[in-house]
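Construct all of the structure, not just a fragment, from the sequences and the given hints.
So the sequences go chain by chain: A and B. When we follow the numbering used here, the leftmost residue of the first sequence carries the number 1, and every step to the right adds one. When we follow the numbering used here, the leftmost residue of the second sequence carries the number 1, and every step to the right adds one.
For the record, the hints were derived by calculation from the structure and aren't laboratory data. Note that the structure is a prediction, hence the values are computed from the model and not measured. No residue lacks a Cβ here, since even glycine has one placed at the ideal position from N, Cα and C. It is possible that part of the hints are untrue.
[Claimed, not checked] Heads up, incomplete: computed chain A residues facing chain B, CB under 8 Å, no partners named:
(1) S24
(2) F108
(3) A115
(4) Q144
(5) R147
(6) F148
(7) W367
[Stated by the list, open to error] Pairs of lysine to aspartate or glutamate, EDC-like flavour, derived with a Cα cap of 20 Å:
(8) K152/A to D189/B
(9) K104/B to E74/A
(10) K199/A to E181/A
(11) K152/A to E66/B
[Stated by the list, open to error] Far from chain B, by Cβ distances over 10 Å, these chain A residues were calculated:
(12) D77
(13) E192
(14) A361
(15) D374
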Amino acid sequence: MSSSPTRNAVASGRRADAGDGKGSVELRSVSKSFGGVTVVKDLDLSVNPGEFLSLLGPSGCGKTTTLRMLAGFEQPDSGEVLISGAAVQHLPPHKRDVNTVFQSYALFPHMTVAANIAYGLRQRRGIDRAEIRSRVAEALDMVQMTRFADRKPNRLSGGQQQRVALARALVNRPGVLLLDEPLAALDRKLREDMQVELKLLQSRLGTTFVFVTHDQEEALSMSDRVAVMLDGRIEQIADPYTVYERPATAFVAGFIGQQNFFDGTVADAGRAIEIDGGTVLPAEPVTIHGSGAAAVRVAVRPEAVTVAEAAPAGPDGSANALPGAVAAVSLLGDVLQYVVHADAGHELLARVPRRQAGRLAEGARVWCSWAPSDVHVFPAEVTPRAPIGSAK
Amino acid sequence: MTSDRRVPRAARRAVPPGLLATPALAWLALFFVAPVGLVFWYSLGRKPGLYQTHANDVLTLDRYREALGDTFLTSFSGTLRIGVTGTALCLAIGLPFAYWLAVKVRPHRRFVVLALVLVPFWTNFLIRTIGWQVVLSPEGFASRAMQSLGLIDAPFSMLFTRGAVLLGVVYNYLPMMILPLYVALDRIDGSLREASNDLGANRWRTALQVTLPLARPGIAAGLLLVFIPLMGDYVTAAVLGGARGNMVGQLVASQFQQAQNWALGSAMAVVLIVVIALTILATAAAGAVCTWLLTHRRRRELAGIAEGSAA
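Structure (structure tokens):
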């Protein structure tokens, strides 16, 4: 911890610059198309100063294009881009108060680590050599790469290159740091470590981070808010708990974590949903406009499903319960995952804490059941299994 | 069979190191080292009589003394000037073009542009040079057309001058500059330029600090590929240069072909080889010194951070 004073210096330096909206990001009805294909459609987004926001979505959803428009590598066809309160949509990248960490890191191969980090400071006027030197040293210390200052990037591991890329961007003390899937090339263990480090660094510096990823776990674990994107639009923007617990659309429900989906029709004035071979009770009456028995899609998380050999007791014994046979059991670390073939033809996923229940054998006859409060109901039009290119 | 079985498969298959390079080495020895050695050997001899081309009965440096006479030196300095100017012009034209081709042109159109660069190469060297003779001729169609349009007052007067030779060599050798530059620039990851831009450098500073330093191998290859054949070229000069625009390659060729004095021709060739080699070395040294001076301040500024002087 001998290095903490310098780290604080970096942090306080950043905070001294703060004020009058520095670090805020706003997109106002931004659209962008490439060769007739609309990639970003009329997008509105606002990021608060100091916030960690993730843009999450499958490939082709427009998240990287959105980030590139913030950086200035792409110009929006229409709409406004505001960074730290100023409209920047016509400014080139080198005049914007942002810096980017690239997916490929994009370190300059002909420069040492220290020269890479000093690059941004050298482009500015009014920074003397002593200051460049001390800020490079601070940035190296911040990512614990001081030892490697004189190495060329090709002699560093992926994780080390990642740290240098981070230091090279942060040393300029940008209002907003843009990160384009920076962890995608790292192996799993290193990625998880870097997630924690990145999050800690962000809260220490107080810099706004806009983080693009297709990895939902990564987005959930690091972000203050997650914007789930599909087809160039934001499907839902909320804190990770809300996105996970109360997905706004069937796509979000299916993209974040896993779901058991059932297609059915509304019955009993919205108090029940009839599916093949059973009845599902939602927590609240379903209000779906339309005549007669409206088609809906029901989602239930695997971890909400209880697997038992006995039929569930209670007044509604047959609701929220499906009989079936265990088709497969797999151990996922601290949870057991069952694949159950329901007699009605559904395939159900259930996740049970490993220590909670005894292991059921393959082929065992079981009942899968869940509470009404774990049921999410969506209109039936969207096909979450094939999200790309689907029309809403 | 039995002895075969005792030897491990891998060992039987193993190729002695260097075997794969043997054909290339043999080629190099037979068609490069031997002829150059022979030329050097001839250059130490003399032309014994009217009907003999060379003899090495007496070893002497007189041919070099003879070679370094006024005619040769005048022609030689002219050639060196054309060589340096022509190579510099090729770089000045080729570099922006190769950058445009590698960076700005959409990938699926690059092959079309590259093909256009290479089309002249499919034509015989002599024929396309004679083509320029037709174009530059004072009585040629280009001259007459431009006169009748009122763009020029007098017929072209460029043919059979050094200027015409310069035009010819730049035209003939430009593809040799563009191709290695294109390959070098194409290999630079586009995200490096974006990163430089992102870090506050405008496009000129990005070009100077990122693109050009990374394209250095391509620049060096292009300079060599243009300068070396250009210095020895005698076709372009013979067709476009006339008496005023002759090059040293023509002198060497005439010693071998017309004067039948192989000894003197060889001496001239050796001088040419040595000067080309020295020019390349001098350019390389100058380049290294420039790079060192440009990066020296930067390096000193950041030196020693790794040793923990940050604290």
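**OP:** Please write out, lowest number first, the hints stated earlier that are contradicted by the structure.
**Re:** Result: hints 1, 4, 7, 11 break, sorted rising.
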